[in-house]
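Visitor: One-letter residues, chain by chain:
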Amino acid sequence: MPAASLFTATAETLLNRLIALDEDSAQRLVPLAGKRLSVFIEQLPVGITLVFSTRIDVLAEPHSFEDVCVHQDGESCFIKTSLDVLPSLTQTSQITRLIRADKLQLQGELSIAQQTAALFQQLDIDWEEQLARYTGDVPAHEAFASAQKFRQQFAAFGRRLQAGLGNALTEEKDIAVSKLAVMHFNDEVDALRDDVQRFEARLSLLEKNQ
Amino acid sequence: MSDTQSRDDASQNMDESVTEQTHFGFKQVDKSQKASLVANVFDSVAAKYDVMNDLMSFGVHRLWKRYTIDCAGVRAGHRVLDIAGGTGDLTAKFSRLVGPTGSVTLADINLSMLKVGRDKLRDQGLVSNIDYVQADAEALPFPDNSFDVVTMAFGLRNVTEKQNALNSIYRVLKPGGRLLVLEFSKPASEHLSKIYDMYSFHILPRMGQMVASDAESYRYLAESIRMHPDQETLKGMFEQAGFEQCDYSNLTGGIVALHRGYKF
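If you're matching them up, the sequences are chains A and B in order. For reference, each letter of the first sequence is one residue, going 1 to 210 in our numbering. For reference, each letter of the second sequence is one residue, going 211 to 474 in our numbering.
Read the hints as simulated data drawn from the structure, not as lab findings. Hints may contain errors.
Just so you have them, the derived chain B footprint on chain A, three or more residues with Cβ under 8 Å [claimed, not checked]:
(1) 6–13
(2) 69–80
(3) 134–146
(4) 178–189
If you anchor each label on the Cβ, the simulated ranges turn out as follows [what the hints assert, rightly or not]:
(5) A:102 / B:353: 56 to 62 Å
(6) B:264 / A:166: 37 to 43 Å
(7) B:420 / A:133: 53 to 59 Å
(8) A:121 / B:423: 37 to 43 Å
(9) A:13 / B:287: 26 to 32 Å
Sample of chain A residues at the chain B side, in silico, Cβ under 10 Å [to be verified]:
(10) 28
(11) 31
(12) 33
(13) 35
(14) 36
Quick reminder that beta carbons are idealized off the backbone N, C-alpha and C, glycines included.
Generate coordinates for the entire structure from the input sequences, incorporating the hints supplied.
Guide: Rendered as C-alpha cells:
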C-alpha cells in the first residue's frame with residue numbers, strides 16, 4: 001500500500017479540520033479556489049500537491065518536479081526545496097537569495113504560495129469554544145482559566161528558577177560571570193581595540209615621516 | 211436460399227446465443243443473464259455499499275481509491291468519466307480537481323447505485339460539474355475522443371465481456387488520455403492468498419449477512435474476484451484494446467491492482 005496515500009489522507013483530514021475551526025478561513029480560501037500548490041521536499045520520496053476549492057485536497061504527486069512544471073497555467077505554483085530551508089520561506093526577502101544559492105526552485109505563481117502561508121498563519125481558532133461544544137461553556141471556561149493560571153505560574157516559576165540559578169552560578173559558586181561583568185569585559189576589549197588602532201595609525205604616520 | 215433455410219439458420223444462431231455461457235461467480239450462466247444477475251446483487255447491496263466497503267477492507271479501500279486519484283493526473287478543465295462509479299467516491303474528488311471549467315461523468319449500469327451516488331454527492335454540495343448517466347461499459351453512449359481520463363474502480367469484473375468494455379473505453383478516450391482500472395487481483399504471495407481465501411469465503415459472507423442481510427451477494431463478490439483475470443492477463447487485454455504504455459501497480463500485496471494505459 002502506498003504510504004504516501006496514507007500520509008496525504010491524514011494531512012488532508014487534519015488541514016480541513018483546522019480550517020473548519022476558523023470561520024474566517026473560508027473567506028481566505030476564496031482567492032485560492034481553483035489553484036494548486038505543489039511542494040517537493042528533497043527528503044521526501046514524493047511531492048505533495050494542495051488543490052484548493054471550498055476545501056483543500058491533498059494529492060501525492062507521482063511525477064518529478066521537472067515533469068509537473070510542464071503544467072504551468074497561471075493557476076499553479078511549484079516549489080522544490082529541502083526541509084531546513086522551509087522556515088526561511090516565510091520571509092519574502094530571503095527568496096531571491098535562496099534561489100541564487102540553489103536552495104530553492106520556484107516556478108509559477110509565487111502569490112499562491114504566499115496566500116497559502118497566510119491562510120495558515122492567520123488561523124485564529126477559539127479552542128475554548130471548540131471544547132465548549134463537547135463539555136458545555138462552564139467546564140470549558142474553567143478548564144481554560146485553570147490552564148492559563150497554570151501557564152502563568154509555570155512561567156513565573158521558570159523566571160524565579162532562572163534568576164536563582166543565575167545568582168548561584170555568578171555570585172555564590174563563582175562558576176560563571178554576571179551579565180554586567182561580561183558587558184564590562186566587552187567594553188574593555190573595545191577600548192583596547194581602539195588603543196591598538198590608534199597606536200597602528202601613529203606608528204604608520206611615524207614611518208612615513210622618517 | 212429458401213425461406214425455410216433462412217429461418218433454420220436464424221433459429222440455430224439464436225440457440226447458440228442462448229447457450230453461450232459466462233461465469234457469474236463460480237456458476238456458469240447464460241451470457242444474456244449476467245447483467246441482470248449482477249444488477250440484482252447491486253440492487254441488494256446499494257444502500258449498505260459504503261458501510262460494507264469500509265468493514266470488508268478495514269477502510270483500506272479509501273487508500274486504494276486515493277492512490278488511483280493520485281495516478282489519474284486530473285487537472286482543472288479536464289473531462290473525466292468514472293465508470294461503475296457507484297456511490298461516487300472517485301467522482302467527489304474529481305469534481306473538485308477539474309473545477310468549474312471541467313466536468314465529471316458518473317456512469318453506472320445500475321440505477322440503484324447511481325441514485326445512492328447522486329444523493330451522496332448532492333449532500334456534499336457537489337452539483338455544478340457532475341453528470342449522471344446510466345450506461346453499460348460495453349457500449350458507452352458517448353462520442354469518440356470525449357474524455358481526458360477514464361477510471362473504473364471495482365467495476366470491470368462485473369462486466370460480461372470485459373474486452374468489449376476496454377474497447378469501448380478506448381473509443382471514448384481522447385488521444386493522450388489515460389485509463390485507470392482499480393480492481394481486485396491475484397495476491398503475489400501464496401501465504402497471503404490462503405489467508406485472503408479464508409477471509410473472503412468464510413468471513414465476508416457472514417459480514418454481509420450481519421450488516422446487509424445478504425450473504426449471497428458477498429459470496430458472489432468473493433467468487434467474482436477469483437474469476438477475474440490476473441494482473442498480466444488484464445494488462446494483455448489493455449494492449450489488445452489498443453492502449454499503450456500499459457502497466458500495473460499491486461496494492462496490499464496484489465489483493466488489488468491498479469492498471470494504467472494510454473491512448474496515443
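Visitor: Would you mind marking each hint as holding or not holding in the structure?
Guide: Results of checking the hints against the structure:
1. Three residues within the 8 Å Cβ limit are the bar, and the region 6–13 of chain A against chain B gives 3, so the coverage statement holds.
2. For the region 69–80 of chain A, the proposed coverage by chain B is satisfied: 3 residues have a C-beta within less than 8 Å of a C-beta in that chain, meeting the threshold of three.
3. With 0 residues having a Cβ less than 8 Å from any Cβ of chain B, the region 134–146 of chain A misses the three-residue criterion, and the hint is violated.
4. Given as covered by chain B, the region 178–189 of chain A fails the check, having 0 residues with a CB less than 8 Å from a CB of that chain where 3 are the minimum.
5. Here the CB-CB span from residue 102 of chain A to residue 353 of chain B is close to 49 Å, at odds with the stated 56 to 62 Å.
6. For the hinted restraint 37 to 43 Å between residue 264 of chain B and residue 166 of chain A, the CB-CB distance of approximately 58 Å leaves it violated.
7. For residue 420 of chain B and residue 133 of chain A, the hinted distance range of 53 to 59 Å is not satisfied, since their beta carbons lie about 34 Å from each other.
8. Checked against the given bound of 37 to 43 Å, the beta carbons of residue 121 of chain A and residue 423 of chain B, roughly 52 Å apart, lie outside it.
9. For the pair residue 13 of chain A and residue 287 of chain B, the beta carbons lie near 27 Å from each other, so the given range of 26 to 32 Å is met.
10. For residue 28 of chain A, the interface hint is violated, since its Cβ never comes within 10 Å of a Cβ in chain B; the closest pair sits about 18 Å apart.
11. Nearest Cβ of chain B to the Cβ of residue 31 of chain A: about 14 Å, over the 10 Å cut. The hint is violated.
12. With a cut of 10 Å, the hint placing residue 33 of chain A at the interface with chain B holds, because the nearest CB-to-CB distance is about 8 Å.
13. Restraint check, residue 35 of chain A versus chain B: the minimum CB separation of about 9 Å is within 10 Å; hint holds.
14. The beta carbon of residue 36 of chain A is positioned within 10 Å of a beta carbon in chain B (closest approach about 8 Å), and the interface hint is therefore held.
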